[in-house]
Every structure is written in C-alpha cells, then in structure tokens.
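Given the coordinates of chain A, work out where chain B should sit on it, guided by the hints.
Protein chains in written order, with the working numbering: chain A, 1 to 115; chain B, 1 to 116.
It is worth saying that the hints were derived from the structure and are not from the lab.
A virtual CB, placed ideally from N, CA and C, is assigned to each residue, including glycine.
No false leads were mixed into what you were given.
Computed footprint of chain B on chain A; a stretch qualifies when at least three of its residues, placed anywhere within it, have a C-beta under 8 angstroms from a C-beta of chain B:
(1) 42 to 55
(2) 105 to 113
From chain B, some residues computed to sit far from chain A (all C-beta separations above 10 angstroms):
(3) V19
(4) I60
(5) T72
(6) I83
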Amino acid sequence: GAGVSQSPSNKVTEKGKDVELRCDPISGHTALYWYRQSLGQGLEFLIYFQGNSAPDKSGLPSDRFSAERTGGSVSTLTIQRTQQEDSAVYLCASSFSGRTTDTQYFGPGTRLTVL
Amino acid sequence: AQSVTQLDSQVPVFEEAPVELRCNYSSSVSVYLFWYVQYPNQGLQLLLKYLSGSTLVESINGFEAEFNKSQTSFHLRKPSVHISDTAEYFCAVSKILTGGGNKLTFGTGTQLKVEL
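With the rest of the complex left out, here is chain A (with noise of 0.2 angstroms):
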C-alpha cells in the first residue's frame, strides 16, 4: 500500500520567507510526529499530531515554526521568516494509534535550503 508522502521533495528558498511543507500519512493512522534531521542537531523530534489535536509541540525550536493537520489526514508544517539555521530535511511520519508499540512509518523527508 502506499507509504507517507512529503511534498515537495526540494525546497530552495530566500532568508526572511515564509515556507510550507506538507505529510500526507499513511491512511487510517491516526498519530503522526514530525521531525527534523540536519548536520548539527541530528534528528530531533518537532511535534505529534493524535487525530487533529497536537498534544505535544516540545519540540518546535522557536514562535516561526507552526504545524496543522486537517481531517485527521494531511499536515502542514509552517515556516515563518525562514532563517539559514532552519536549512534540514524535514521529515514526517505516522503511526496506526501512537502507541508506543505501533512502528512509525517515515516519509522521504523534504530537503529545505534557506539562501
């Protein structure tokens, strides 16, 4: 069946602007995790979605970073005033109740590179 897609795959853009990435997980898991995957901090736990409810925002570094989910299916995540320290590939994935014996289920991640 198909896996969690992330959309785009590559994304330049310019210091100061406003970015979207988008995690379509896997249908029918309620849980999904965004993550963050970059040279200096490894990869780091952003934020978990249950449903469309986002008990745990811990991990979002500053007030620039915000994330939605909609219909219990596709996320956004947002990125204000993008800066150069915000250059990572993004990663998303999703699980079949958040258990903590349900696997997560990673996408190919987003490559974003603020110039």
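Below, chain B without anything else, positioned relative to chain A:
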C-alpha cells in the same frame, strides 16, 4: 532525560565479514529501543525493535540486537554483511508523550560502508 549514544560515526567493513554497531542509552524509566536504517537517498525504515520479552530481537535481513539492561546497551550485529547493507543506521529510544504517542530520540547515526 533520555538519550542515545552511538560512538562510531563510520564503520568500514569488508563484505561477508561480521559487524557490530554500538548503541548505548540512558533512561530512568522502562525503555523501548529501535534501530532504523536509512539507505542512500531513501527515508528511514524500521530495522528492529525491543519492547519487552526476549532481549534478543532479529530483523528479516539477518541483523540482530540484544538489549542489555546492566550495560544500558542495544548493539546491532550481523554475522556476515552484504554490499547492500551499506547505509546509515540510527539507534533510537522511545518516550511516551503527553496525550499519548511516543517520541523517538535518535543517536547521531553510524555510517556502515561495506567494501568488496
């Protein structure tokens, strides 16, 4: 706080040789441990996981890892590697989040390079 340490950033090995990728964790609570693999230009894939029960867990492609509570380790091993095993391997520990869900904390990764 939970954390994961992967001491080896790169491990070169010849094909058909055995390999061990080291992972140590720190946690004050029960742990759930994972190994993920990232092949070149691909996303992260779960290789194996330890949740409870038998301390030795295996993957379908010949890798195994053993949970050792006394040494706080979860090393990944394969008795004979293949060129196709060339990839980056990430060890991770899970933490239960507010409102359910579980956050993965990853190590810095080990690049396994299999040479002929």
